[in-house]
Structure formats: C-alpha cells, structure tokens
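K.L.:
Make the full structure from the sequences, and use the hints.
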Amino acid sequence: MKIRVYYEDTDFGGVVYHTNYIKYCERARSELFFQSGITPVINGAHFVVKKLDCDFKSFAYFGDILEVFIEIVNIKGASIIVKQDIKKDNNIIFTANITLVLVKDSKVQRLTNSIKNLFIDLVQKKC
Numbered sequence: 002m003k004i005r006v007y008y009e010d011t012d013f014g015g016v017v018y019h020t021n022y023i024k025y026c027e028r029a030r031s032e033l034f035f036q037s038g039i040t041p042v043i044n045g046a047h048f049v050v051k052k053l054d055c056d057f058k059s060f061a062y063f064g065d066i067l068e069v070f071i072e073i074v075n076i077k078g079a080s081i082i083v084k085q086d087i088k089k090d091n092n093i094i095f096t097a098n099i100t101l102v103l104v105k106d107s108k109v110q111r112l113t114n115s116i117k118n119l120f121i122d123l124v125q126k127k128c
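Adding 1 to a residue's 1-based position in the sequence shown gives its number in my numbering.
It is worth saying that the hints were derived from the structure and are not from the lab. Beta carbons: idealized from backbone N, C-alpha and C, even for Gly. Take the hints with a grain of salt, since some may be wrong.
As the list claims (entries may be wrong) - Per label pair, the in silico range of CB-to-CB distance: (1) G15 - S115: 37 to 47 Å; (2) V16 - D54: 15 to 25 Å; (3) S37 - G14: 13 to 23 Å; (4) K84 - V109: 19 to 29 Å; (5) D122 - R28: 14 to 24 Å; (6) D122 - N91: 32 to 42 Å; (7) N114 - G45: 11 to 21 Å.
P.N.:
Quick look at the structure:
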C-alpha cells in the first residue's frame, strides 16, 4: 500500500512522528480486507496487536511517498505473526514484527482454519 506523508504526520521539523509508522502498518493490514470487499471484523471479532517489535532505520519527511509491505512469519493456534516493512525509494526505513490475536468480547479466540486461510489469501493477493 502506498502512503503519502502529510503535514499532519510530521513534527515541527517535517519528520514523520514515530507512532505514525505503526499507524501506517495498521492501515495496510486493514486495507487487505477492504480491498477484497470484506470487513476486518469477523463474526464480531477483530484482530488486535498483542506484541510489537519495531526498528526505525531511517526517516521519512513531509511529502514522501512510502510503501507498506506485509508478510506472514508464522500462524499459531491463536495468533498470527507478521513482518511489515515500510520503504521509501525502495529502501527499508521501518520494520516491525507484529503478533496479532483475534479478540471477541475481550477474549482471545482460537483461529479457525477458515480464518487462517482467509488471512493467508489476503496477504498473498496483495504481495
């Protein structure tokens, strides 16, 4: 997914504020569903971030065009681990390993095979 950096994304110096990289990753994951014509809410449940490990490698600035990538690292019984990279001019400027869990009524749900396959299909279509 491509994202343009707007003024609202930056600090006083025109540098993208650090939390916005995480927001860009979230948008890209949501867009996987939206672009396929489905909602990210599945039977009243939705994916939430359980763990986040990120590395800021470089900077993005007001007006830059960024591209967000996603790949599945591992799928377990109740979680999906993805790696997301944000690139500027084909150079990785941010990378994150993100553990997602499906939550309904404040409880983590086991992932059914259909939900696992849905997520795999959505990522494969985009990549």
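K.L.:
Quick one: which hint numbers does this structure break? Sort them smallest to largest.
P.N.:
When the structure is compared with the hints, numbers 3 and 6 turn out to be violated.
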